[in-house]
Amino acid sequence: MVRSDAIAPGRDGDVLRLQTQVLIVGGGLAGGWAAIAAAQAGASVVLVDKGYFGTSGVTATAGPGHWWVPPDPPQEREEAVRLRNARAFGLADPHWMERVIDQTWRTLPTLAGDYAFSQDEHGVTQYRGLRGPEYLRALRQRVERLGVLICDHSPALELLTDEDGVVAGAAGVQRQAGRDWIVRAGAVVLATGGCAFKSRLLGCHTNTGDGLLMGAEVGAELSGMEFSSYYTIAPARSTMTRSMSYAFARYYGPDRRPLDISPGPDVTQALAAALLNGPVFCDLAATPQDIRDVMPAVQPNFMLPFDRWGVDPYQDMFEITLRGEGTVRGVGGIRIADADCGVGVAGLYAAGDAASRELVAGATSGGGAQNSAWALSSGHWAGEAAARFARRNASRAIARARPAGRAGLRSERARRDLDVRAIEAAVRDEMLPYDKNIFRTGRGLARSVETLDSLWGEIRDHAEGRGAQRLRTREAAALVSAGRWCYGAAAARNESRGMHQREDAPAADPRLSARLRVRGIDRVLIALERPTAEVEAVK
Amino acid sequence: MIEFIVEDRCTACDACVRVCPTNVFDSRPGRRPVIARGEDCQACFICELYCPEDALFVGPDAEAVEGFDPATVAASGLLGQYRRDSGWGEWAGDPRYANQHWRMESIFARARAAVQKP
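Keeping their order, the protein sequence lines are chains R and Z.
Residue numbering for the first sequence follows this note's numbering, beginning at 1 and increasing consecutively.
Residue numbering for the second sequence follows this note's numbering, beginning at 1001 and increasing consecutively.
By construction, these hints were calculated from the structure, which means they are not laboratory data.
Treat the hints with care, as some may be off.
[Claimed, not checked] Heads up, incomplete: computed chain R residues facing chain Z, CB under 7 Å, no partners named: (1) Thr55; (2) Gly129; (3) Arg175; (4) Thr206; (5) Phe248; (6) Ser262; (7) Pro263; (8) Ala297; (9) Pro305.
Note that the Cβ used here is the ideal one computed from N, Cα and C, for glycine as well.
Using the sequences plus the hints, can you model the full thing?
Shown next as structure tokens:
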């Protein structure tokens, strides 16, 4: 079925060919930390990014805090894990939480020298929260100094595997140089980010779920995909999902009368319900003056839309919207199969938002802090383990490798020109509306799955992007796949748990107090996993 | 979305071409870059942050070019706002634009206290 050419190093043509021990796919938080760990473990490393390592992805435009708990006194960490585990609804693993807290604590300060950590009024260095653009710029500087070869504007399209199914590299396109690339690697780390379904969440355009599809094509499973209904507030029509200031927000209905909605854990549901009835307005007049004054120095991009529109958010009412986060601040991703962030496929590792965060977040969003700590830690472990794997299996480097990509790259039937933008819009129409994704019902999900399945059939059978459309077509395949996995799992989880809320099953079902494993591309298969039975806890 | 490149500020350094995560700009040998794929702009404002000449302007609307007038924008002082407030380039070391991101936590704490008060 797959029309694949075996790829051997040294073939002619205008193709960038590289050989390395470790290939990192994606230059965000997780990819950056993975590259550092792999290079420090002594491996040769290539990092490819769809856009530019330093600006791509959702961290580069944000301000990530980190889960930051000191080791002393020890009760503090125990308490942090206990509290967080209580909000995970039975799906997390306290041992992984402890690991993440500890790894983050030890690793984050090592970025000093490339990141100028601030000091507070008492001269105490503040490590926990970093500004996104400066954080990513620092990671890039460090990675460059460690001798990693960075390929910007070089999206990966597919993985390569050898005769034994071991992952042996990846192939993609250099969109500015206008040529293909093939990187043969002893191990690959997928750090491609989550999938926000092109929702206009700030910085999410590059996060189309490509890594999930690439991983699934070589046999990786997914988990936590049903926890994909997190939304973040933004001024209507803007991308500015910087939500901190909304801790002071007051909300108003279409008639500009106050709504009984106050900041807190249930604010998204309440706003979504109100938005389904008409426009919702907001002001930030309750913000103290000293905080207003310091805002541009805290979040320099927060005021950009307001200033450009001539709106004073501290006085004027402005319309708001909610931007879907998909699996970004959702939970789902490639299922982690071992303590090294291996995915159960030899030579392949996953990190950051591309990996399922269920081990540390369970059924509730990790929010910014836990997610950043996860990206750092999983990146670190995946990078180190990939370096070890590549070294142990050095002889494999000469084996022949085949491209594993299918949907969007090699059509099963007659190739047809598909309207990729229309497919993207159709996916958005299923994955983003509040009534479909926040207030879920079995019937609604089944209808959405049907629509997504038919889009999938079109892509599988007829999509084969050419030239500049190759990346966009492949992204469409990834978006549709991610949608099918999210809603497939959501339909199977016939209960409400954490962020997954089913209007037709509002209570939690104790029999479903377990993770859902999702596998399969053409046929999506879902199975219940007993918690912590198969994922080895690490002390 | 990206609105315009300020012609008389742009020095054709191509920083925007390199850093735009969605590949909106095209480089032209010996000339200023052009907005080649404006429809792919994700309104992340990153190009402004990396432009040392403050020669780019992004409109807040995620889906439409709003038609900001370059002369009006230049007169408004909005060009380079993001880079200045971030303390990049010539603003580095200026205490007015020092990174105070670390205050986030205390801001949240005060908001929580304010909500609980009434």
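Hint-by-hint comparison with the structure:
1. Thr55: This interface hint holds because 5 Å falls under the 7 Å limit.
2. Gly129: Where the cut-off is 7 Å and the nearest Cβ of chain Z is about 5 Å from Gly129 (chain R), the hint holds.
3. Arg175: holds, 6 Å
4. Thr206: OK, holds: Thr206 (chain R) within 7 Å of chain Z, min 5 Å.
5. Phe248: Check passed: Cβ of Phe248 (chain R) comes within 5 Å of chain Z, closer than 7 Å.
6. Ser262: At about 6 Å, which falls below the 7 Å cut-off, the nearest Cβ of chain Z leaves the hint on Ser262 (chain R) intact, so it holds.
7. Pro263: Pro263 (chain R) check passes; min Cβ-Cβ to chain Z is 6 Å, inside 7 Å.
8. Ala297: holds, 4 Å
9. Pro305: With Cβ-Cβ at 3 Å, under 7 Å, it holds.
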